[in-house]
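Visitor: Between the sequences and the hints, there should be enough to build the whole structure, so can you do that?
Each chain, letter by letter, is given below.
Number of protein chains: 4
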Amino acid sequence: MKTSPRVVLSPRKCPRQARSAVTVDAIFEATLQVLLATGSTRLNTTKVAERAGVSVGTLYQYFPNKQSLLFAVLERYLDRLMDRLEAACEARRGGAAEDMIEGVVQAYLQVKAEEAAISRALYYIVIELDARELVDKAIWRAERAIAAMLSTANDGQFSDPQAIARVVFAAIHGTVRMFYERDLPPMAGGDVERQLTMMCRSYVAAAGRTP
Amino acid sequence: MKTSPRVVLSPRKCPRQARSAVTVDAIFEATLQVLLATGSTRLNTTKVAERAGVSVGTLYQYFPNKQSLLFAVLERYLDRLMDRLEAACEARRGGAAEDMIEGVVQAYLQVKAEEAAISRALYYIVIELDARELVDKAIWRAERAIAAMLSTANDGQFSDPQAIARVVFAAIHGTVRMFYERDLPPMAGGDVERQLTMMCRSYVAAAGRTP
Amino acid sequence: MKTSPRVVLSPRKCPRQARSAVTVDAIFEATLQVLLATGSTRLNTTKVAERAGVSVGTLYQYFPNKQSLLFAVLERYLDRLMDRLEAACEARRGGAAEDMIEGVVQAYLQVKAEEAAISRALYYIVIELDARELVDKAIWRAERAIAAMLSTANDGQFSDPQAIARVVFAAIHGTVRMFYERDLPPMAGGDVERQLTMMCRSYVAAAGRTP
Amino acid sequence: MKTSPRVVLSPRKCPRQARSAVTVDAIFEATLQVLLATGSTRLNTTKVAERAGVSVGTLYQYFPNKQSLLFAVLERYLDRLMDRLEAACEARRGGAAEDMIEGVVQAYLQVKAEEAAISRALYYIVIELDARELVDKAIWRAERAIAAMLSTANDGQFSDPQAIARVVFAAIHGTVRMFYERDLPPMAGGDVERQLTMMCRSYVAAAGRTP
DNA sequence: CATGAATGAGACTTCATTCAT
DNA sequence: AATGAATGAAGTCTCATTCAT
Numbered sequence: 001m002k003t004s005p006r007v008v009l010s011p012r013k014c015p016r017q018a019r020s021a022v023t024v025d026a027i028f029e030a031t032l033q034v035l036l037a038t039g040s041t042r043l044n045t046t047k048v049a050e051r052a053g054v055s056v057g058t059l060y061q062y063f064p065n066k067q068s069l070l071f072a073v074l075e076r077y078l079d080r081l082m083d084r085l086e087a088a089c090e091a092r093r094g095g096a097a098e099d100m101i102e103g104v105v106q107a108y109l110q111v112k113a114e115e116a117a118i119s120r121a122l123y124y125i126v127i128e129l130d131a132r133e134l135v136d137k138a139i140w141r142a143e144r145a146i147a148a149m150l151s152t153a154n155d156g157q158f159s160d161p162q163a164i165a166r167v168v169f170a171a172i173h174g175t176v177r178m179f180y181e182r183d184l185p186p187m188a189g190g191d192v193e194r195q196l197t198m199m200c201r202s203y204v205a206a207a208g209r210t211p
Numbered sequence: 001m002k003t004s005p006r007v008v009l010s011p012r013k014c015p016r017q018a019r020s021a022v023t024v025d026a027i028f029e030a031t032l033q034v035l036l037a038t039g040s041t042r043l044n045t046t047k048v049a050e051r052a053g054v055s056v057g058t059l060y061q062y063f064p065n066k067q068s069l070l071f072a073v074l075e076r077y078l079d080r081l082m083d084r085l086e087a088a089c090e091a092r093r094g095g096a097a098e099d100m101i102e103g104v105v106q107a108y109l110q111v112k113a114e115e116a117a118i119s120r121a122l123y124y125i126v127i128e129l130d131a132r133e134l135v136d137k138a139i140w141r142a143e144r145a146i147a148a149m150l151s152t153a154n155d156g157q158f159s160d161p162q163a164i165a166r167v168v169f170a171a172i173h174g175t176v177r178m179f180y181e182r183d184l185p186p187m188a189g190g191d192v193e194r195q196l197t198m199m200c201r202s203y204v205a206a207a208g209r210t211p
Numbered sequence: 001m002k003t004s005p006r007v008v009l010s011p012r013k014c015p016r017q018a019r020s021a022v023t024v025d026a027i028f029e030a031t032l033q034v035l036l037a038t039g040s041t042r043l044n045t046t047k048v049a050e051r052a053g054v055s056v057g058t059l060y061q062y063f064p065n066k067q068s069l070l071f072a073v074l075e076r077y078l079d080r081l082m083d084r085l086e087a088a089c090e091a092r093r094g095g096a097a098e099d100m101i102e103g104v105v106q107a108y109l110q111v112k113a114e115e116a117a118i119s120r121a122l123y124y125i126v127i128e129l130d131a132r133e134l135v136d137k138a139i140w141r142a143e144r145a146i147a148a149m150l151s152t153a154n155d156g157q158f159s160d161p162q163a164i165a166r167v168v169f170a171a172i173h174g175t176v177r178m179f180y181e182r183d184l185p186p187m188a189g190g191d192v193e194r195q196l197t198m199m200c201r202s203y204v205a206a207a208g209r210t211p
Numbered sequence: 001m002k003t004s005p006r007v008v009l010s011p012r013k014c015p016r017q018a019r020s021a022v023t024v025d026a027i028f029e030a031t032l033q034v035l036l037a038t039g040s041t042r043l044n045t046t047k048v049a050e051r052a053g054v055s056v057g058t059l060y061q062y063f064p065n066k067q068s069l070l071f072a073v074l075e076r077y078l079d080r081l082m083d084r085l086e087a088a089c090e091a092r093r094g095g096a097a098e099d100m101i102e103g104v105v106q107a108y109l110q111v112k113a114e115e116a117a118i119s120r121a122l123y124y125i126v127i128e129l130d131a132r133e134l135v136d137k138a139i140w141r142a143e144r145a146i147a148a149m150l151s152t153a154n155d156g157q158f159s160d161p162q163a164i165a166r167v168v169f170a171a172i173h174g175t176v177r178m179f180y181e182r183d184l185p186p187m188a189g190g191d192v193e194r195q196l197t198m199m200c201r202s203y204v205a206a207a208g209r210t211p
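Residue numbers (UniProt numbering), protein chains in the order written: chain A, 1 to 211; chain B, 1 to 211; chain C, 1 to 211; chain D, 1 to 211.
FYI, nobody ran anything at the bench for these hints, they're computed from the structure. Just so it is clear, the structure is predicted and the values come from calculations on it, not from any experiment. Keep in mind that the hints are not guaranteed to be accurate.
Copies of the same chain are indistinguishable here, so a pair counts whether it falls within one copy or spans any two.
Taking lysine-lysine pairs in the DSSO-like style, the calculated list, with each CA pair at most 27 angstroms apart, reads [to be verified]:
1) Lys47 with Lys137
2) Lys66 with Lys112
3) Lys137 with Lys112
4) Lys137 with Lys66
Guide: See the structure below:
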């Protein structure tokens with residue numbers, strides 16, 4: 001896929017009619033399926049359209065080019081992922097710092113376990129589109145959510161919750177990626193969680209706080 | 001007319017003459033350069049051959065197909081990376097556990113900083129080739145090196161150094177990846193290092209040890 | 001980047017629109033023309049597409065690969081050839097055995113004379129594709145047609161018409177091939193026919209029959 | 001393989017030294033092996049040289065190009081085949097006409113049975129090189145041998161032995177090719193022979209003779 | 001709006017042949 | 001003489017995108 005010559009990444013039109021929304025949804029779903037079934041290299045617009053039960057022409061009415069499609073799919077995925085993380089953080093506000101962190105680890109692991117394959121496949125898109133901005137935006141959401149949660153800790157105030165959140169999220173995300181990217185978690189799932197939790201807890205505990 | 005191919009990943013022939021070795025090296029080097037200059041999606045065998053100053057035919061005399069070339073490049077990169085990590089671990093044997101870990105963090109950050117771009121570009125190859133085995137092998141080397149180092153700690157024996165090593169490496173690797181994959185380290189470099197160090201130190205400290 | 005192909009011989013899609021049928025026909029026709037004009041070794045998909053007045057892409061939309069194209073062309077040719085032979089056999093039912101055979105010889109020679117060149121060119125395809133099955137199917141049709149005709153002989157019943165048909169067809173086909181494959185029939189056309197007819201007549205006469 | 005621009009078909013040099021003869025023989029043998037093992041499309045000079053245990057360069061010292069190699073291989077094969085047929089004819093001189101013919105059928109079937117695969121593979125070369133002349137020469141040898149044999153019949157003189165020989169050989173060769181080209185002779189081997197013999201005997205018997 | 005046939009640039013790969021060593 | 005590394009033209013096939021119906 002060629003990337004250079006100034007490509008439009010935003011979808012062509014917002015589906016106003018119900019029918020359109022269904023079509024777009026089908027296309028999104030089809031993209032993921034093709035991605036999983038045939039791999040990212042073999043993904044092409046014709047296959048996606050076929051799977052979605054529409055013609056290529058129709059696909060191109062909703063997305064001006066392949067990149068915009070992938071971009072939209074990625075965006076939607078990240079949005080939903082972060083929605084869930086935010087919800088998890090909100091649900092845990094007001095507890096003890098270490099417990100809150102434990103909750104985040106748990107939530108993130110669970111979400112990722114459910115969709116390890118999709119996650120992996122989409123990573124290809126990130127590189128292909130150089131869609132780092134989109135990922136950054138997602139990371140910011142995650143950090144903000146975690147930081148906001150940490151601010152409500154009932155056992156002391158962090159001097160820089162944002163910084164803590166940043167490292168905690170990096171550690172969780174990175175670790176999880178490392179284990180789930182390999183198909184067989186070489187550690188029993190529970191073990192990863194325990195160790196990762198221990199690491200984050202001890203980090204949070206070590207981070208300076210004013211009571 | 002082709003009749004029924006077969007995808008092979010191992011290189012085609014070992015260069016017997018001195019001339020050949022030079023050629024193969026040039027091809028490796030060219031691959032990295034093209035990868036960095038044009039991105040992984042734009043990489044094609046013609047460009048690589050051109051950059052290496054040879055003809056496509058020559059390239060295909062050493063690698064039966066594009067995949068085997070990328071595979072070999074990746075393998076070589078990971079080998080060298082792990083060589084450096086192992087050296088760093090060995091140089092720090094026999095210290096206090098937390099200090100050793102600090103050293104590893106430092107070393108890994110340094111290595112990765114030097115080649116963030118290449119590292120990122122190669123990650124695409126991992127996905128495209130589904131070369132997880134190769135990555136796994138590298139990870140094992142890293143874990144073994146760290147575990148071996150931890151076993152020489154002069155301030156107490158870990159009950160399961162392998163497990164500690166695993167999580168520590170995952171955290172370091174994951175965190176680093178997250179920050180370096182975004183071109184601009186959003187944290188001052190020093191800050192990442194400080195926080196990551198703190199996290200790993202506190203984890204190691206928290207891990208059970210028998211004096 | 002290709003990952004793992006698979007050689008398919010069946011056509012890719014059935015033309016649904018009228019336009020498609022025209023295209024496919026043009027491609028068939030073009031294949032034969034290129035075959036005759038440049039020889040089988042020089043035949044390539046680009047030339048065929050050009051001759052057919054379409055782009056390579058179009059060609060590949062109907063045939064997944066070069067082999068399937070050649071296969072289809074061969075199949076169509078054999079089908080038509082056998083259609084004509086069957087018609088000739090049917091038209092001669094109910095005569096004297098030797099006369100019927102004479103008719104078959106005549107018919108086959110005529111058909112082949114008309115398309116000696118194509119026939120020769122296609123033979124290369126049979127070898128290249130190892131499309132013996134296709135040829136076998138055609139031979140079976142021929143044998144069945146001849147045997148059925150022989151069964152209607154008004155001058156005695158053959159004990160094994162199938163066996164007679166088999167040898168008769170082999171002799172006719174083989175002999176014809178031998179003479180037409182060399183561009184210049186070294187025997188005056190009439191002479192071949194006369195001799196071949198004599199051979200087949202005497203064979204049929206010699207074969208056991210019950211009045 | 002390109003065929004047009006005036007290509008030299010004769011071998012580059014007649015091996016004068018024993019060593020050369022061995023090399024050339026090895027190359028011939030290797031060509032057949034590669035032909036059988038990988039098929040005619042995949043046959044290439046490098047593979048042949050490898051199999052023969054020499055380098056491509058050496059191969060090109062004996063044959064100016066690929067075509068001349070194939071040409072030589074074919075020529076040698078046909079020569080040997082006809083040597084055997086001639087021998088068979090000579091051994092049967094002076095018998096009854098029908099018995100002599102029976103002998104030829106027998107001999108030809110036996111020879112071809114032994115090397116059906118090679119025979120088939122070489123046929124490709126005939127087409128690729130358009131080496132009909134070579135084949136014609138072989139056919140002439142066969143016809144001459146059979147005609148000469150027929151002239152010694154002790155039971156009557158044929159008016160045109162050459163013509164009889166021509167048709168008999170065409171029938172035998174064509175029939176045999178038809179049955180052996182299909183891997184599985186659909187008739188029990190003995191049955192082919194019996195029927196073919198009957199056909200040729202009755203033809204020879206029917207052909208005019210002066211006692 | 002939808003369809004799907006058509007396009008064609010461009011990617012991968014092969015292989016006959018040469019020539020420096 | 002022998003070797004085998006290097007060449008590069010040519011062939012096969014893919015796929016994003018357009019447009020007539």
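Visitor: It remains to establish, for every hint, whether it holds in the given structure.
Guide: Here's how the hints hold up against the structure:
{"no.": "1", "hint": "Lys47 with Lys137", "verdict": "neither (30 angstroms within a copy, 34 angstroms between copies)"}
{"no.": "2", "hint": "Lys66 with Lys112", "verdict": "within (26 angstroms within a copy, 32 angstroms between copies)"}
{"no.": "3", "hint": "Lys137 with Lys112", "verdict": "both (18 angstroms within a copy, 23 angstroms between copies)"}
{"no.": "4", "hint": "Lys137 with Lys66", "verdict": "within (22 angstroms within a copy, 35 angstroms between copies)"}
Comparing the model with each earlier hint shows a violation of hint 1 alone; every other hint is respected.
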